[in-house]
Structure formats: C-alpha cells, structure tokens
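Asks: Below are the chains, spelled out letter by letter.
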Amino acid sequence: MHPTTNHRVGPAALAVLLAAFALGASDARAQEAINTESATQPGVGTLYVKPQFRLWRYGVSRDPASPVQGVTRAEPSITLQYGIAKDWSLSLKLPAVVQEQTFPSSRNLAASIGQIEAMFKLRVYRSDTSALDTVRAVVYAGAMLPGGDNTVAPQSVDPFIGASVMLIRGRFGVTQSLRYTVTTGADSWKWIAPGVRSAADALRYDTALMYRVWPGAFTAENSSSAWYASLELNGQYETSGDNEILLAPGVLYEAKRFAAECSVGVPIARRVRDRPATQFQLSIGLRFVF
Amino acid sequence: MNSRIFSRLAISAVLVVAGHFVGGCASGAAEESQQVTYTATPEEARRLASTDPVDSGPLQLYMNGLSCPLCATSVDQQIDNLPGTSDVRVDLKSGVVRVWIEGKERPSPKELAEAADRAGVTLVKITR
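For the record, the sequence lines run as chains E and F.
Take the first sequence: its position 282, counted from the start at 1, is 282 in our numbering, and no numbers get skipped.
Take the second sequence: its position 69, counted from the start at 1, is 69 in our numbering, and no numbers get skipped.
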C-alpha cells in the first residue's frame, strides 16, 4: 500500500533549505541552552539569526494500527529573533522537514516546509546582581502555523504559551522553562507515524544546566569567547497521559558575534501509548548576531 | 529495570547539581560572583540620571549583568550607536565598558544608562 519511495520536495521547502545553507544554519546567546527556551532577549534593534539542524529517530509504535516500524525526521530550520523594544522580542522559526518512514516492506521519503513558529517574548523580570550574575524571567506566547506539505506537517494553527526563568551565577547557569501547546488539529502525530492517533495538548518542561568550562574566569585576554558544557532534561507530557523525558548533554561555543552548539538527547524516562517513542535527538546549531 | 534505575540516577544527578548551584555551594561560582558587584552611592546614582552631555574623553561604565561574550557584543552595539561614542571596549572580567567620547553631540549619562538597558544589562555608575 505504501510506495517504496515518495519524494515530495516543494519549491518552498527548497527555498528554506537553500536559505538555511546560505545563512549557515539556527539561534543562542548568554549561556542560552540548546533545547530549552531561555529567558534571554536580543537588544533593541538587534537581530539574531539561528540556523539549526535537528534529527529525531522514533521507534516502533505499540499501536497495532500503525504500520510504521520507525521514523527518521530531519529538521533544518532558521530562526530569526529581533529585539523590537526594551523587553520585547519577536521570533520566527522557519523549518523544513525531511522524513523517512520505514514500513515492513518499504520506505517512504518526503520533504516539505514544517510548522512555522511565530512567538512574542516579554521579559518580566531582570535583576543584575553582579558584573556577571543575573536573574531573568520571560513569558512568551505564539502559535505554530501551517507550513507546506500536509504529509509531513500539521496544517492546524496551534497556539502556545510559556514562561522561562534563568539564573546565571559565575560559571553556572540554570534555566527552567514550561510551555503549553494547544493542539487544534485532528491529530498531532500522524504526520510522523500514520495510524498513531493523538490530538492531545502538550506540556513541555525543560531544565538546563550550563557550566562555563573555559575560561574559568574572564580576563582581559580571554573575554572574547567561551566554551560551555550543558546538561538538559527535556520533557514532554501530553494530556493523553503520555510522558517522555530526554537527557541531553551538549556543548556550546560562544564568541562575540556567533555561537555554535551541539547536543544529543536520549530517553531516560518514558510512558507513551499514543505517540511514537523517541530513540534519540540530535541538535546542531549556530547563532549569529547582526 | 536497568533503564528505570538509570533514569532515576540521571534525574537525581541533575537535581543535585541544580541544588548545589542554587544553594551557592559551587565555590568557583561564588568566588567569581563575589569579586565584582557594583553599587552606586546616592551621588553616583543622581549623576547617572543627568541629561547633560558628558564631557569629551575616556569614560568607564561599570555594569552588572554582563554574563557572556554575546552580551558584550550587545552592549558594544548599543553604546556605539549613540552619537559621540567610539572605541567601545567591553571587559567581561571587570564588567567595565571603556568608551571614548568626542564631538559636538555627546550622550548624557541617562542616555548611556538607557543604552545599557536596551542591551539587557544594568549601568551602575560612570567614572573618568
């Protein structure tokens, strides 16, 4: 029933892919975690460009209605974040999706624009307690918007709200973020695994620890770049009762005009029935300041 | 069974590190954060609110919240956008931004503080 190979690469998807490669890839700054929404903002009139590449591998669903044995989903994206006022920023994430589904006797390859993410972020608290230390909190809201091909991405408008708190203390930084997404479409996972049915809302809960590995202390000579090690717990609870937590160690290099990041997430806790289970997640990204 | 034990250990490790951090037991972090914390005297705070242009010459801006190299760039950009400013140098070690002031149009202390605010950091005081 399933075609052995089905290529669906629309012009819009190609445009995003080309733009991604032209600009480099995705988004970060200020001990900003890799997978956790941070409480940082670009300065007024400053543009951050964040090309990013994410790869997920999903395992076989326990749902007998799903014929899919496994799914590999790659998502190159570009996020643009602009400081529109002192405590306000606007961001737009434009993803492309390339997805391969494995069936018992065939494979299906498809590519398209993914769900576009538009978000406003408002800083509600900032306390700079020393030259290096700070505590910040933001609230944010936005929506996931229909992208391209309906075989790989939802066509619904899914609003979300969230909040994030970040503490930086010397070499350490910790960020906690919560984000609730309302699924308005008929099915949030069928784009990944046909037959898997869940229209549940999703609560993302992410915790990130960052540690500045180098330099141990900024000096006049060593203040233009820094290396950070990160450890994140990235969780998603769905109102269907499904829950999954990934442990994602990573590394971040930050210079004055750009940053580069990489992390790998593996599941450490899981109870899923209505969605495919994540086997691993890879994130590689860049962040540029303009 | 093994994965359950592993997941509990991993979560416990993260919580322990987080607790250690929040409790301020990380000696390296504590030492560094205690080194430089700027505060302003009432007189310095009053001067920071002035709308009169600063005099030409070098200035030192003492800032809190300069957490990373990218933050430094943000401060650099905001200060550099003000008229009469040049040669902006951000020292993350000390949290001091050095800037050269010159020209007919020069920023006021209040404008410098607002520029720092737009960059997301706090200007505490200004000295020569």
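What the hints contain is simulated information worked out from the structure, not anything from laboratory work.
Mixed in with the good hints, there may be bad ones.
[As the list claims (entries may be wrong)] A few chain F residues that don't get close to chain E, going by computed Cβ distances all over 12 angstroms:
| id | residue |
| --- | --- |
| 1 | 46 |
| 2 | 56 |
| 3 | 76 |
| 4 | 77 |
| 5 | 84 |
| 6 | 93 |
| 7 | 100 |
| 8 | 103 |
| 9 | 108 |
| 10 | 114 |
| 11 | 123 |
[What the hints assert, rightly or not] Restraint ranges, calculated between C-beta atoms of paired labels, are given here:
| id | chain 1 | residue 1 | chain 2 | residue 2 | range |
| --- | --- | --- | --- | --- | --- |
| 12 | E | 216 | F | 46 | 34 to 40 angstroms |
| 13 | E | 146 | F | 40 | 49 to 55 angstroms |
| 14 | F | 98 | E | 279 | 48 to 54 angstroms |
| 15 | F | 56 | E | 184 | 58 to 64 angstroms |
| 16 | F | 56 | E | 214 | 35 to 41 angstroms |
[What the hints assert, rightly or not] Using 30 angstroms as the maximum straight-line C-alpha spacing, the simulated DSS-like pairs for lysine-lysine come out as follows:
| id | chain 1 | residue 1 | chain 2 | residue 2 |
| --- | --- | --- | --- | --- |
| 17 | F | 110 | E | 256 |
| 18 | F | 125 | F | 110 |
| 19 | F | 110 | E | 86 |
None of the values given here were measured: they were computed from a predicted structure.
We put the CB at the ideal spot given by N, CA and C, even for glycine.
Asks: Report holds if the minimum CB distance from residue 100 of chain F to chain E is greater than 12 angstroms, and violated otherwise.
Replies: holds (18 angstroms)
Asks: Does the beta carbon distance between residue 98 of chain F and residue 279 of chain E stay inside 48 to 54 angstroms, or does it fall outside?
Replies: holds (51 angstroms)
Asks: The hint says 34 to 40 angstroms between residue 216 of chain E and residue 46 of chain F; measuring C-beta to C-beta, is that right?
Replies: Since residue 216 of chain E and residue 46 of chain F have Cβ atoms about 38 angstroms apart, the given range 34 to 40 angstroms holds.
Asks: If we take the beta carbon of residue 46 of chain F, is the closest beta carbon in chain E still more than 12 angstroms away?
Replies: Holds, since 20 angstroms exceeds 12 angstroms.
Asks: Can you confirm whether the C-alpha distance between residue 110 of chain F and residue 256 of chain E stays at or below 30 angstroms?
Replies: holds (26 angstroms)
Asks: For the pair supplied as a hint, residue 110 of chain F and residue 86 of chain E, confirm whether the alpha-carbon distance does not exceed 30 angstroms.
Replies: Measuring from Cα to Cα gives roughly 15 angstroms; hence the hint holds.
Asks: Taking the shortest Cβ-to-Cβ distance between residue 77 of chain F and chain E, state whether it exceeds 12 angstroms.
Replies: Non-interface label on residue 77 of chain F violated, nearest chain E Cβ at 6 angstroms vs cutoff 12 angstroms.
Asks: Compute the least Cβ-Cβ separation between residue 76 of chain F and chain E, then decide whether it is above 12 angstroms.
Replies: violated (8 angstroms)
Asks: Since residue 84 of chain F was said not to touch the interface, does its Cβ keep a gap of more than 12 angstroms from each Cβ of chain E?
Replies: Fine: 18 angstroms to the nearest Cβ keeps residue 84 of chain F off the interface.
Asks: Please verify whether residue 125 of chain F and residue 110 of chain F have alpha carbons no more than 30 angstroms apart.
Replies: holds (11 angstroms)
Asks: Minimum C-beta separation from residue 56 of chain F to chain E exceeding 12 angstroms: can you confirm that?
Replies: Non-interface label on residue 56 of chain F holds, nearest chain E Cβ at 25 angstroms vs cutoff 12 angstroms.
Asks: Verify the CB-CB distance for residue 146 of chain E and residue 40 of chain F against the hinted window 49 to 55 angstroms.
Replies: holds (51 angstroms)
Checked against the numbered hints above, the structure breaks hints 3, 4, 6, 10 and 11 and satisfies the rest.
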